[in-house]
Amino acid sequence: MALTPAEPSGGHHESVKTPEAAVVQLDSVRKEFGGITALDGVSLEIRPGEAVAVMGPSGSGKSTLLNMIAGLDRPSSGSVVVNGENITRMGEAALARFRRHHIGMVFQFFNLLDDLPALENVALAGRLVGVPARKARARATELLDELGLADRRDAYPAVLSGGERQRVGVARALMNRPALLLADEPTGALDSRTGEQVIDLLLDLNRMGQTLLLVTHDQHLATRCATRLVDFMDGRVVREAALERHEPWIAR
Amino acid sequence: MDRPLSAVWAAAQGGVRRRKLQTVGIAVVVALSTATLVFGLGLLAASNSMFDDAFEEARGAHATVFFDSTKTTTGEVAATAQAAGVTAAAGPFQTAALTEALVSGEMPIRGGDLVVAGRAGSGGPMDRLTVTSGRWVRAPGEIVLRGSAFGPVRLGATLTSPGHPPLTIVGFATSITDGANGWVTPGQIGALRPTGLQMLYRFARAADSPQVRQSLSAATAGLPVLSYDSYLTAEQEFEREFNELIPFITVFGVFAMALSVFIIGNVVSGAVIAGFRHIGVMKALGFTPAQVSAVYIVMSVVPALLGCAAGLAAGHLLATGVAESMAAGFELPSVGGPSLLLDAVGGGGVIALVVLAALVPALRAGRLPAARAISAGTVSGRGRGRRVQRWLARTGLPAPVALGLSLPVGRPARTVLTFAGLCVGVTAVTMGFGLYRSVMENATADPEGHTSVSVRVDPAADGRARLSEQQVFALLRAQPGTAHVMSYDNQPVTIPGLPSGFQIETFTGDYGPFLGDNLVRGRWFTRPGELVPSEAFLRLHHLDVGDTVSLQLNGDQTTVRIVGSFAHQDPGRLMLDAASVSGPPRPIERRPISVIVTPGTDPAEYADRLNAAAASDGVVAGVTVPETGHVADEMSMFLLFLLIITTTAAFGVLNSVVLSARERSRDLGVLKAIGMSPRQVILMMVTSMAALGVLGAVIGVPLGVLTHHGVAVLAGELLGSGTPAAWIYVYSWPLLAVPAGAGLLIAVLGAWLPAGWAAATHTAGVLRSE
Chain A
1 MALTPAEPSG GHHESVKTPE AAVVQLDSVR KEFGGITALD GVSLEIRPGE AVAVMGPSGS
61 GKSTLLNMIA GLDRPSSGSV VVNGENITRM GEAALARFRR HHIGMVFQFF NLLDDLPALE
121 NVALAGRLVG VPARKARARA TELLDELGLA DRRDAYPAVL SGGERQRVGV ARALMNRPAL
181 LLADEPTGAL DSRTGEQVID LLLDLNRMGQ TLLLVTHDQH LATRCATRLV DFMDGRVVRE
241 AALERHEPWI AR
Chain B
1 MDRPLSAVWA AAQGGVRRRK LQTVGIAVVV ALSTATLVFG LGLLAASNSM FDDAFEEARG
61 AHATVFFDST KTTTGEVAAT AQAAGVTAAA GPFQTAALTE ALVSGEMPIR GGDLVVAGRA
121 GSGGPMDRLT VTSGRWVRAP GEIVLRGSAF GPVRLGATLT SPGHPPLTIV GFATSITDGA
181 NGWVTPGQIG ALRPTGLQML YRFARAADSP QVRQSLSAAT AGLPVLSYDS YLTAEQEFER
241 EFNELIPFIT VFGVFAMALS VFIIGNVVSG AVIAGFRHIG VMKALGFTPA QVSAVYIVMS
301 VVPALLGCAA GLAAGHLLAT GVAESMAAGF ELPSVGGPSL LLDAVGGGGV IALVVLAALV
361 PALRAGRLPA ARAISAGTVS GRGRGRRVQR WLARTGLPAP VALGLSLPVG RPARTVLTFA
421 GLCVGVTAVT MGFGLYRSVM ENATADPEGH TSVSVRVDPA ADGRARLSEQ QVFALLRAQP
481 GTAHVMSYDN QPVTIPGLPS GFQIETFTGD YGPFLGDNLV RGRWFTRPGE LVPSEAFLRL
541 HHLDVGDTVS LQLNGDQTTV RIVGSFAHQD PGRLMLDAAS VSGPPRPIER RPISVIVTPG
601 TDPAEYADRL NAAAASDGVV AGVTVPETGH VADEMSMFLL FLLIITTTAA FGVLNSVVLS
661 ARERSRDLGV LKAIGMSPRQ VILMMVTSMA ALGVLGAVIG VPLGVLTHHG VAVLAGELLG
721 SGTPAAWIYV YSWPLLAVPA GAGLLIAVLG AWLPAGWAAA THTAGVLRSE
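The listed protein sequences correspond, in order, to chains A and B. Those letters in the first sequence? Residues 1 to 252, per UniProt numbering, in order. Those letters in the second sequence? Residues 1 to 770, per UniProt numbering, in order.
For the record, the hints were derived by calculation from the structure and aren't laboratory data. Keep in mind it's a predicted model, so treat the numbers as computed, not measured. Just so you know, even glycine gets a beta-carbon here, dropped at the ideal spot from N, CA and C.
Taking CB as the label site, the calculated pair distances span:
| no. | chain 1 | residue 1 | chain 2 | residue 2 | range |
| --- | --- | --- | --- | --- | --- |
| 1 | A | Gly59 | B | Ala737 | 55 to 63 Å |
| 2 | A | Thr223 | B | Ala10 | 48 to 56 Å |
| 3 | A | Ser76 | B | Ala10 | 35 to 43 Å |
| 4 | B | Gly756 | A | Gly59 | 31 to 39 Å |
| 5 | A | Met233 | B | Thr395 | 45 to 53 Å |
Now the stretches of chain A that chain B is said to cover, found in silico as 3 or more residues with beta-carbon under 8 Å:
| no. | segment |
| --- | --- |
| 6 | 70-78 |
| 7 | 104-112 |
| 8 | 124-132 |
Using the sequences and the hints given, assemble the complete structure.
Okay, structure coming up:
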């Protein structure tokens, strides 16, 4: 199936195999922005197939945490290991390659390229990895079909509904079969009905084994999707709790 | 200041501070434009006024008259200063003619006699000399030469002339008046056996040649005048030389201004587009449409004023420097740079241009509804060229390349302006390369330009000739490495029915290979009886190839047929085979001999060998170095223009990429988030401009070739010299390769820096701000 995620694996870079083969392993991560501490010694582990929801008030450090794991930002101290690769001291180019191969990102405001139709938006992620144009479009078509957008492949983002845009965003995030799907407020810009559709989609992905990290204010999203809840406050993890979903978590 | 104005000022200040790069962009483009305009205008103004200004500054003489001192007295000549119509006079100065003057025993100082005047100082009421190096003469045994140091002719060198005491060169000076080639102290001139008296006059009526002649006749009536020089001759020569530059300066100036219009329009409208959200906020706060428009005009005009001030200073200094250099080239004293009034006009024009360029987008900003302005600030231009973008996305090109190629279609107006700038840049570079070739062809077109080694034959100690011309030719042809030998002579000639002032230039020997590629019509002479005059001669006298002309020389009349014409603005030059005219030629000792060596022969070694082998025969050989001093001056000016134009074009590219990256910062953040590496971002942004650069070359190179063609022909027409085909069709495929690559180079260089900035954008920050 097109939505099937990749097997967790070590990358081409400095590999750190943990005993549990965690997809994400943060060790005492601190991040400071000009004297303000955004993350204050955060240690966190996410295992393959888990769906972790990070919650907390604005400014608590959730998005900073997500940026650290995505390699969009570097910690002031501590280490970040994702899918076996220590990305803490990677250069920009290496981080870009790391993101292409291991990370899929879903944004609150979709962040699709306005000048490209849905199909090319999705295929672009594959093209950056070096997949030939024809093959990339074939996989993008497959993904969009599976996400119920078969008849919207040639539509530009401006004419898609919010839910459709977010599904295109999810398809783009899955294009390269990432080990980890990061979603930053994925329902934040959607009405409740469309939000439910996206929640169902994420839930289905996780059921198929996709490791998820959700950053959200939405308690409903967290409780429906996540298997574990991590609460943030002032840059620290103040609570971790396993959650029970209607369906049992399917371990890989 | 009332409240609405202070609100406009405060908002504009905020905008200027917030958009530092765009503010700097406007300032830099305006500085470059102003500098170019003031530079170009300054040079054109200098061409009109430089001679007149220098003439007035130096109190130049309308006429310099030489009297025969054996037939008149100093008192009689001095009395002419009081004649009717004379407004000022200087002299009389005793003059001597130094024949065969040599510097350091080797360098002939002039082809003919060196006229030296005895003069106490360089100042005075008339013909104020400017000592450009060294000092004025203080004691006997010293001489100040007119002109500047060249090779062995330098300060401290010794000047000798047979029968005269040696003189040490202590200075070089410029003179606006054609009078003497050198000056010694009044005490020294007596030792040089003076034969003439020189008197300088300024007349009440001297606007044209007849007036000068009439004033002179009235002032010198009854006195033995040997010859005179009119200031009009020097002025005409100067104007002819400067006319040659006018088309080049004008075209470069037009290019620079067109480029400035494109880029200022691009920068200012880009600032407005980038500030749409700001416009929405201002309107939401209660700014009226007029106030919003005013904010954007002020935001553009404030940095423009700063840039304009910098450009005025730079342009003024450049124009002053180049004008001084050109003045020195014409041996004119420096008269300072262009006028401040001209600077003000140039600067005012550029600011007016900025206001006009800002007006359209500023009015658009003023009319924009607040809600639309706020929403427009969040997205890039939509719906433009999507078919192209989609097609590119589906090609097999690497993603950064395909995305880069699609960027220009998103902002067609900006793309057109940037593209136009690149076209102008490539056109200017193409034309510049062509001009370089044309100027070099021009500089080496005369026989001297084809000569490898110059030879002279010194007479024996008793003054008698050692060798005949045939013997000299035989000696030279016997030398290994000799390919061609000829001798040259010139002498005045008259043509019945035409005014005087013609010089025939006669050639003896194997002269064919020495004649240049500067034919405008017909062919070169190949035998006696054929004449090739200057093109200016044919035009002035309405003659053509095939016509015949009678030449009167030494009392004999010879009829010759015109077989061609060569490019020159002097209507008095006539070239022909020496055997065409009757009478004995001047002794070979008084005529230069030229040699072209065989391919592979080093001229310096050839000259050394010849000097060693034939010194006993009085043969002295030296390598010919073409006079390219004025070429260097012209090329420096072309290069300066090219540098400004290409820098401005590159800056236009930089500005375009900055605007594009700013508008697409969210897209760039997304692309980086999904795995685009910094190198790929740079590739994408550079590709967006490189494509325009390549297209710019496709348009700019042919345009540059055509412009060069037009300018070269126009210059020939303005001079009246005509333009030979060899100076027009100068381009070869290898020569075109450089300007063809210039578009790409300008685009890549201009895009590289902002592409790097785009690649270094903090992705998390960009996405967070969205």
